[in-house]
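Trainee: Full structure from sequences and hints, please.
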Amino acid sequence: MNKPVDPAATVTRAEVEDLLYHEAELLDSWRLDDWLGLLTEDAAYYVPPNDKPDGDHRFTLFTIADDIVRLRERIIRLKDPNCHAEFPPSRTRRLITNVRITGIEGDTISVAANFDIFRYRRNEPPREFVGRYRYKLQRRNGALKIAERRVILDAEELGVLGSVSFLL
Amino acid sequence: MNDRTNGKNGQANGHLVLEDRKAQTFSVNREVFVSPTVFEDESRAIFDKCWIYVGHASEIRNPGDFRTRNVAGRPIIFCRDRQCTPRALINSCRHRGAIVCREREGNARQFYCMYHGWTYHTDGKLKAIPGDDAYGEKFDKSTLGLVEVPRFEHYRDFYFLNFDRDAPDLATYLAGAKEYIDLVVDQSPSGRMEIISGVQEYDIKANWKLLVENSVDDYHLVTTHSTWLNYMRNSGVNISVPKGQLLPTKGIGKDLGNGHLTTDNPNYRGRPVAKWISIYGEDAKADIDAIRKELVERLGETRAARVADTNRNLVVFPNLVINDGSSVTVRNFYPLGPDHMRVTAWALGPVEETEAQRARRLHAFLTFYGPGGFATPDDVTALELAQQGFAAWREVQWSDLSRGMGKSANEPQLHTDEGHLRVFWRRWSELMEQHP
Ligand code: FES
Ligand SMILES: [Fe+2]
Chain A
314 MNKPVDPAAT VTRAEVEDLL YHEAELLDSW RLDDWLGLLT EDAAYYVPPN
364 DKPDGDHRFT LFTIADDIVR LRERIIRLKD PNCHAEFPPS RTRRLITNVR
414 ITGIEGDTIS VAANFDIFRY RRNEPPREFV GRYRYKLQRR NGALKIAERR
464 VILDAEELGV LGSVSFLL
Chain B
71 MNDRTNGKNG QANGHLVLED RKAQTFSVNR EVFVSPTVFE DESRAIFDKC
121 WIYVGHASEI RNPGDFRTRN VAGRPIIFCR DRQCTPRALI NSCRHRGAIV
171 CREREGNARQ FYCMYHGWTY HTDGKLKAIP GDDAYGEKFD KSTLGLVEVP
221 RFEHYRDFYF LNFDRDAPDL ATYLAGAKEY IDLVVDQSPS GRMEIISGVQ
271 EYDIKANWKL LVENSVDDYH LVTTHSTWLN YMRNSGVNIS VPKGQLLPTK
321 GIGKDLGNGH LTTDNPNYRG RPVAKWISIY GEDAKADIDA IRKELVERLG
371 ETRAARVADT NRNLVVFPNL VINDGSSVTV RNFYPLGPDH MRVTAWALGP
421 VEETEAQRAR RLHAFLTFYG PGGFATPDDV TALELAQQGF AAWREVQWSD
471 LSRGMGKSAN EPQLHTDEGH LRVFWRRWSE LMEQHP
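Read top to bottom, the protein sequences are chains A and B. Per our numbering, residue 314 is the first one in the first sequence, and the count goes up by one each step. Per our numbering, residue 71 is the first one in the second sequence, and the count goes up by one each step.
If you're looking for bench data, these hints aren't it; they were derived computationally from the structure. Computed from a predicted model, the values in this text were never measured in an experiment. The reader is advised that the hints may include incorrect statements.
Claimed, not checked - To spell it out: a stretch of chain B is covered by chain A in this simulated footprint if at least three of its residues, at any positions, have a beta carbon under 8 Å from a beta carbon of chain A; those stretches are:
#1 139-147
#2 226-233
#3 264-273
#4 297-303
#5 405-417
Stated by the list, open to error - Which chain A residues face chain B? A few, computed with CB under 10 Å, are given here:
#6 361
#7 363
#8 370
#9 371
#10 377
#11 387
#12 389
#13 395
#14 400
#15 472
As the list claims (entries may be wrong) - Taking lysine-lysine pairs in the DSSO-like style, the calculated list, with each CA pair at most 30 Å apart, reads:
#16 B:313 - B:208
#17 B:197 - B:208
#18 B:119 - B:195
#19 A:365 - B:275
#20 A:392 - B:119
#21 B:477 - B:320
Cβ coordinates follow ideal geometry from the N, Cα and C atoms, glycine included.
Mentor: Written as structure tokens, this is what we have:
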């Protein structure tokens with residue numbers, strides 16, 4: 314009767330929502346080092362191409378496919394004033410809805426959510442990135458951390474959205 | 071008189087591109103980036119006269135495979151018919167015009183128009199008309215197939231079309247660019263490259279000619295892409311710049327004839343075929359060595375080094391770029407207006423690649439290229455800032471492309487000079503001035 318409870322099994326949607334809303338706050342306020350603190354030591358960040366939203370980055374050309382090493386480098390770049398595409402940094406606001414826990418396998422919790430991200434820059438029309446998040450979460454010292462975040466855009470092509478130069 | 075001073079000679083007798091060898095200056099009138107008239111004239115003088123890239127054979131591997139795309143402003147079905155012949159059909163119903171094939175890609179038994187239901191064979195021929203008893207006896211169905219583009223040819227699996235029936239054949243047109251396409255294709259042991267699944271399609275709010283310049287302009291690398299260079303440095307890649315140079319290695323810019331041009335640079339930034347850098351990881355070393363060994367056995371030392379140790383950004387006039395650098399990208403772009411282009415970019419790799427090699431190639435691609443890469447978004451920004459600056463084209467009339475003009479003819483133009491950019495502009499200007 315003393316079988317330890319798998320910590321993943323005790324997760325609630327409220328706890329997941331807290332994490333996602335906190336993450337949104339950090340990203341929209343460009344607290345990127347703090348954001349790195351939400352990730353596991355081996356986290357990955359994927360933006361599949363618009364024409365192959367279910368593709369595998371090993372065989373498919375993605376828009377972004379960062380392992381943790383490149384993700385840390387991406388943050389260094391984003392903080393640099395010579396990251397011209399994001400200088401001065403865009404104003405972004407992300408609205409996250411439809412948060413659901415979609416599965417628990419071993420220590421990994423799968424989460425789905427929808428997003429609507431607005432991005433504003435001077436001298437540019439506003440851009441609106443709409444799509445879904447797919448997260449894999451794991452606990453580290455009891456706290457929920459992001460092991461993988463996959464950002465799947467609904468647009469048929471990037472088109473007028475242009476570059477994906479900030480973190481979606 | 072070729073007076074570049076603002077407000078004096080206006081367009082200098084109507085010329086939009088001015089080359090003054092005495093003053094060692096080369097200038098492009100900024101009107102070419104903003105004018106709706108120039109934009110219209112380009113459609114006829116350039117996009118209707120030149121060979122325009124359609125797609126790669128690997129995208130239509132099996133009978134019935136098709137891709138729909140916009141080529142030079144026209145809706146095109148790029149397909150392999152059921153008899154295995156590649157085709158470029160105009161995707162507009164012969165009845166009353168509707169787009170017939172509406173999917174991005176797929177495999178078709180026939181093409182079916184949703185409006186009144188005319189169907190076409192995959193070779194374009196009209197197959198059936200619902201209620202065809204309503205047509206007169208002389209009505210000739212055999213002439214009512216989907217229209218094929220006037221000219222359609224390939225070089226080493228790269229397919230191009232031409233709307234000018236009288237154009238020279240593709241091989242002649244490509245001139246010196248052929249050698250540089252060969253260097254790309256030589257990466258594959260069987261000479262077969264393939265477009266990798268996943269397309270990057272994004273717009274730049276800038277004139278399309280700025281992307282031609284940018285794709286081969288190595289002068290901008292250190293300033294525009296300093297964050298990418300930092301990433302390289304942080305990853306243990308040697309990016310130190312020798313005294314008197316702008317970049318870690320010294321390359322050249324080259325005129326390939328007919329408006330085609332390329333850079334040709336010794337590599338420092340790694341190549342999946344076949345130059346190892348630390349970013350690939352220690353365990354990739356042996357694999358890269360093996361790829362290189364195969365190259366040397368097949369091509370000999372000299373040519374293998376040519377394939378493996380140089381980066382080449384190639385422009386096939388007017389709007390195809392093949393960058394053989396950190397990875398290979400095939401990049402095509404088309405103007406949607408004077409200040410707006412759509413870019414379509416693919417990754418290209420040898421068909422023989424193993425899973426690990428393919429994954430490495432794609433990883434290397436995203437390090438630099440594409441709308442989420444460490445470099446391309448900053449290029450997009452540079453081009454859009456230039457376009458914004460052109461709002462004052464009446465007051466600040468000329469852009470300057472004079473780097474390297476002081477050199478004698480037998481001194482090579484460096485990749486950081488603008489000699490190869492001038493190749494594009496001379497051809498552009500020649501075609502525009504020939505246009506009635
Ligand atoms: S327009 Fe295609 S069948 Fe009428
Ligand atoms: Fe660049």
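Trainee: Does each hint fit the structure? Answer for all of them.
Mentor: We went through each hint and held it up to the structure:
As drawn, the region 139-147 of chain B meets chain A at 0 residues by the rule of a beta-carbon pair under 8 Å; below three, the given contact is violated. With 0 residues having a Cβ less than 8 Å from any Cβ of chain A, the region 226-233 of chain B misses the three-residue criterion, and the hint is violated. Coverage of the region 264-273 of chain B by chain A holds in this model, with 8 residues showing a Cβ closer than 8 Å to a Cβ of that chain against a need of three. With 4 residues carrying a beta carbon less than 8 Å from a beta carbon of chain A, the region 297-303 of chain B meets the three-residue requirement, and the given coverage holds.
Here's how the region 405-417 of chain B fares: 3 of its residues keep a CB closer than 8 Å to some CB of chain A, so the rule of at least three is met and the hint holds. Given hint, residue 361 of chain A at the interface with chain B, holds; its Cβ is 8 Å from that chain's nearest Cβ, closer than 10 Å. Annotation: interface hint on residue 363 of chain A holds; nearest CB of chain B at approximately 7 Å, less than 10 Å. A distance limit of 10 Å between C-beta atoms decides the matter here; for residue 370 of chain A the minimum to chain B is near 7 Å, and the interface restraint holds.
Hint status for residue 371 of chain A relative to chain B: holds, with the closest Cβ pair at about 4 Å, below 10 Å. A least Cβ separation of about 4 Å between residue 377 of chain A and chain B falls short of the 10 Å threshold, and the interface hint therefore holds. Because the beta carbon of residue 387 of chain A sits about 7 Å from the nearest beta carbon in chain B, less than 10 Å, this interface hint is met. Annotation: residue 389 of chain A was flagged as interfacial toward chain B, and the flag holds, the nearest CB pair being 7 Å apart, inside 10 Å.
Given hint, residue 395 of chain A at the interface with chain B, holds; its Cβ is 5 Å from that chain's nearest Cβ, closer than 10 Å. For the restraint placing residue 400 of chain A at the interface with chain B, the shortest Cβ-Cβ distance is roughly 8 Å, inside the 10 Å limit, so the hint holds. With a cut of 10 Å, the hint placing residue 472 of chain A at the interface with chain B holds, because the nearest CB-to-CB distance is about 5 Å. With a C-alpha separation of about 78 Å, the suggested pair residue 313 of chain B and residue 208 of chain B falls outside the 30 Å cut-off, and the hint is violated.
Proximity of residue 197 of chain B to residue 208 of chain B is assessed by CA-CA distance (about 17 Å); at most 30 Å being required, the pair is judged to hold. Distance restraint check for residue 119 of chain B and residue 195 of chain B: the Cα-Cα separation of roughly 26 Å lies within the 30 Å cut-off, and the hinted pair is therefore satisfied. Distance restraint check for residue 365 of chain A and residue 275 of chain B: the Cα-Cα separation of roughly 25 Å lies within the 30 Å cut-off, and the hinted pair is therefore satisfied. Straight-line distance between C-alpha atoms of residue 392 of chain A and residue 119 of chain B comes to about 46 Å, which puts the hinted pair past the 30 Å bound.
Simply put, residue 477 of chain B and residue 320 of chain B have alpha-carbon atoms about 16 Å apart, close enough for the 30 Å limit, and the pair holds.
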